[in-house]
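Enquirer: For the record, the sequence lines run as chains A and B. Using the working numbering, the first residue of the first sequence is number 1, and each one after it goes up by one. Using the working numbering, the first residue of the second sequence is number 176, and each one after it goes up by one.
Read the hints as simulated data drawn from the structure, not as lab findings. It should be emphasised that the depicted structure is a prediction, and the values quoted were computed from it without experimental measurement. We put the beta carbon where it would ideally sit given N, CA and C, even for glycine. Every clue listed holds true.
So the derived label-pair ranges between C-beta atoms look like this:
hint, chain 1, residue 1, chain 2, residue 2, range
1, A, V50, B, T225, 48 to 58 Å
2, A, T133, B, T228, 51 to 61 Å
3, B, V234, A, D66, 40 to 50 Å
4, A, G76, B, V211, 16 to 26 Å
5, B, P286, A, T133, 47 to 57 Å
6, A, S123, B, T213, 14 to 24 Å
7, A, G76, B, P236, 56 to 66 Å
8, A, A124, B, T225, 39 to 49 Å
9, B, G222, A, S165, 28 to 38 Å
10, A, T71, B, V290, 16 to 26 Å
11, A, A114, B, T213, 17 to 27 Å
Where chain B lies over chain A, by a calculated footprint (3+ residues, C-beta under 8 Å):
hint, region
12, 46-59
13, 149-159
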Amino acid sequence: MRTTTVLRRRVGVVAGVFVLLFGGSVAVASWTATGTGQGSARAASVSGLVVTAGSPLGALYPLPADTTPATGYGSGTVGSVSTTVANPNPFPVTITSATVGSVTSSPLGGRTCAAGSVLPTSSAPIALSPPVTLAAGSAPTAVTVPGALYMVSTAEDGCQGASFSVPVTVTGASA
Amino acid sequence: MRRRLPAVLAALVLATGSLGAAPVASAAWGTSGTAVLTGQAARMPAGNPTAPTVSVVGVYPATRTFTVTWSTAWPYGGRPATGYVLTRSATLSGAPMDDGTCKGAVVHGVPGVYVPADAGAATQSCTDTTRLNLGSVQYTVTPVWSRWVGDASAASTAVQ
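Construct all of the structure, not just a fragment, from the sequences and the given hints.
Expert: See the structure below:
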């Protein structure tokens, strides 16, 4: 009788452990399969966003003295940069930020406009508010980065009418 | 049974630990793109301000004071010009302005800038005092925005 009882207990313990381990394994397998499966599939097909220059927005001028880029420009478009972004991926992408690189200025003929006359307002990514969601395989869509650039208040006279170029990287994630 | 309890607990820890790490499956996939964008700097607006008006007190050879008045220029964003450069042209002398507020000073490297006391006032005025025999005199006004210099206005009506 005692032997039978001990045996039943052992069987119960082993069964319990088995259920826990087996059940846990099923759960782990399920999560891993979902996570890894989706991750592998998307990782293999993720393509970079296709960014092209949009129409220039408000023309820059020297920032008024004793102001900041956020307060100094009266027009909302001054300092903004405009792009178009296409999403070649088979899934929607939400663009959340843009990073502005170093600016290269090209003054008009016979003039000078020193490097550093036009600067990005931030070296860190600029959050887009609200973020822009592009549908899967979307055509080029306008994306504006407000307040991306400013001209220093001491910009020389030769910067009038200058053109400039700046690399802009937009960053997003699958929606 | 008691000797097997640690093994059971270890199995539980393993099982629950694995389950706890599972939410990794919710990760999103990042992507980005870069392009070189182009932009344009503004130029000082033309035709701003219009020709000044001039009045004079005194008759040569006594000291004469010309008072030049013009409308405030508002180049950008509803903000007034930071200063003005005035020029004088005279039929009998090319001498620069010798006294008075119109001759200005060097501001941010720009010579001859008259800085108004109230840049946002509707009109601005300055004085040019001289004992020179100038003949007929005219003035122009050029707006300044920090170091940017605009186009000169049309000349004022000539005064003696």
